[in-house]
Amino acid sequence: MEITQILFWFLSVLAVFGALMMVTSKNPVYSVLWLIVVFFAISGHYILLNAQFLAIVNIIVYAGAIMVLFLFVIMLMNLNAETEPQKNKWLKIAGVVAGCSLMLVFVAALRQSDELLKAPVSMGGETGLIKTLGKTLFTDYVLPFEISSVLFLSAMVGAVVIGKKGD
Amino acid sequence: MWSLSNIAANIDQWLNANMSPTWALIVEMVIAGVAVIGLFAALGLVLVIMERKVSAWIQIRLGPNRVGPKGMLQSLADTLKLLVKEGMTPGGADKLLFNVAPFVAMIVAMLLLAPIAFAKDFQLWDLNIGVLYISAVSSISVISILMAGWASNNKYSLLGAMRSGAQIVSYELSAGLAVLAIVVLTGSLRISDIIQAQENGWWLFKGHIPVIIAFIIFIIAVTAETNRAPFDLAEAESELTAGFHTEYSGMKFALFFLAEYVNVFIVCAIGATLFLGGWMPFHIGNWHAFNGVMDWIPSSVWFFGKTFFLIFVIMWFRWTFPRLRIDQLLNLEWKYLLPISMFNLLLVTLIAIMGWHF
Chain X
0 MEITQILFWF LSVLAVFGAL MMVTSKNPVY SVLWLIVVFF AISGHYILLN
50 AQFLAIVNII VYAGAIMVLF LFVIMLMNLN AETEPQKNKW LKIAGVVAGC
100 SLMLVFVAAL RQSDELLKAP VSMGGETGLI KTLGKTLFTD YVLPFEISSV
150 LFLSAMVGAV VIGKKGD
Chain Y
0 MWSLSNIAAN IDQWLNANMS PTWALIVEMV IAGVAVIGLF AALGLVLVIM
50 ERKVSAWIQI RLGPNRVGPK GMLQSLADTL KLLVKEGMTP GGADKLLFNV
100 APFVAMIVAM LLLAPIAFAK DFQLWDLNIG VLYISAVSSI SVISILMAGW
150 ASNNKYSLLG AMRSGAQIVS YELSAGLAVL AIVVLTGSLR ISDIIQAQEN
200 GWWLFKGHIP VIIAFIIFII AVTAETNRAP FDLAEAESEL TAGFHTEYSG
250 MKFALFFLAE YVNVFIVCAI GATLFLGGWM PFHIGNWHAF NGVMDWIPSS
300 VWFFGKTFFL IFVIMWFRWT FPRLRIDQLL NLEWKYLLPI SMFNLLLVTL
350 IAIMGWHF
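Chains as they are written, first to last, in numbering that gives the first Met the number 0: chain X, 0 to 166; chain Y, 0 to 357.
Check before you lean on any hint, since a few could be wrong.
What the hints assert, rightly or not - Cβ-Cβ distance ranges computed for the label pairs, FRET-style:
1) Y/99 with X/157: 48 to 58 Å
2) Y/338 with X/9: 36 to 46 Å
3) X/75 with Y/341: 45 to 55 Å
4) Y/69 with X/137: 53 to 63 Å
5) X/75 with Y/320: 25 to 35 Å
6) X/5 with Y/123: 15 to 25 Å
7) Y/9 with X/20: 30 to 40 Å
Claimed, not checked - Keeping only pairs whose Cα atoms sit at most 27 Å apart, straight-line, the calculated BS3-like set for lysine-lysine is:
8) Y/69 with Y/84
9) Y/334 with X/164
10) X/130 with Y/205
11) X/25 with Y/154
12) Y/80 with Y/52
13) Y/84 with Y/154
14) Y/84 with Y/94
15) Y/94 with Y/80
16) Y/334 with X/163
17) X/25 with X/88
18) X/25 with X/91
19) Y/52 with Y/84
20) Y/52 with Y/69
21) Y/94 with Y/154
22) X/25 with Y/94
What the hints assert, rightly or not - Just so you have them, the derived chain X footprint on chain Y, three or more residues with Cβ under 8 Å:
23) 130 to 137
24) 142 to 149
Bear in mind the hints are in silico, worked out from the structure with no lab data behind them.
The model shown is predicted, which means the values in this text are computed figures rather than measured ones.
Ideal placement from N, C-alpha and C gives every residue a C-beta, glycine not left out.
So that you can see chain X by itself, here it is in the shape it has in the complex (with noise of 0.2 Å):
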């Protein structure tokens, strides 16, 4: 086995682990944790695809930010094993169900791998590159991207009008 390989293996194999272990942990700080290895793992796998720019990115907005919101707020509201409420089995089925479409979308999406790995899109050593990306950005696909900022612009105004409600 390669090393590109094993290292591959290795970080499906602790994503996968870590995203188990998210579930399945009573403990709400401990799921958050967990989330942030998996968000690890999956920056792994952008420098395997040498996207190393989305690797970077990835730790700073989901494990820095995000996650660091989510730990904040549970613990603050001093969540853990004994105050989770019991949700009710119908919510539990429904879960179940949600879960299990999501699963049939993903199941669909890769029945095309075998097609698509036949004729692998090569564009060289510099795809992942902030340079290329950045020019991607701002020359096919200007028009999305800016309204991606109108939509956080709209977003940040929305959070302002939420917080000034109180005075």
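Got chain X sorted already, so can you dock chain Y onto it with the hints?
Just chain Y, lined up with the frame of chain X:
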């Protein structure tokens, strides 16, 4: 001749001559690891005695003066004391997270050493997004503090960790924007490119007032990010006994302490690299005679000189300014520093596009 990069190159040659490439690489990794751990220990010892001496000097006292010449071995004695002390784990604590947290703090600090250029051509990992890597990894350090604070199962610890989380997440923004100013001027995220761009003058002098503003904001933001006074609300002694590490003792406490000092060193090294040219000697435009004299001083001396100057500045802050309140701290960031640094980034972009910098 005796520069760090020559020593590294000689070791590399000797290893490759005597072993297969794979083993040479593995031995080099081990050497790098040992060197990093050695640097950690040395930094811990030096910075603790430096802080105590600087504080004594500012407060017109003598400071530690019993162990060794002028008390210089004091921190060695303290380390010995911490090593033989019992490492307690409180009964109500979450055992796993409580014991893991100090190591997470140390690992983060070690990862941050990878892209730092200590001397000319002497860098562990010159990756093409070095600056982003630093901001990504440093944002992980807050997780170790939150883990420690929550796992201690103590109100003071939890409050300290909460404050520290709020503080680090908000001050990261203006630190990032200040760093971006230099990235915009250089046009690269690679640390070696940023240093190379400062060959004819450091950015602090080349980039006019906007870069000076960015530098000041960077210093304020990293002081807050490393939880140091006047922003040390996470461990404010008068309110929270010791904040997130109240329950820690012995070597586990020492690891947090060490990680704090190494983080101070790292942020100062990054500040020196981005704004003061890293290992680049002080050059003025076309004054060849002057530049030649400056080139005589080894690059590692330049790097450590600049870094320790910035560390001294941060220590100076600690012993001069009174501690802020938590609302003042957050107001300072969100109402003043963040708008200023956003506007400043626009100015820097204008300078970079028009080519107004020297």
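In rising order, the numbers of the hints this structure does not comply with | Per hint list: 1, 3, 7 violated.
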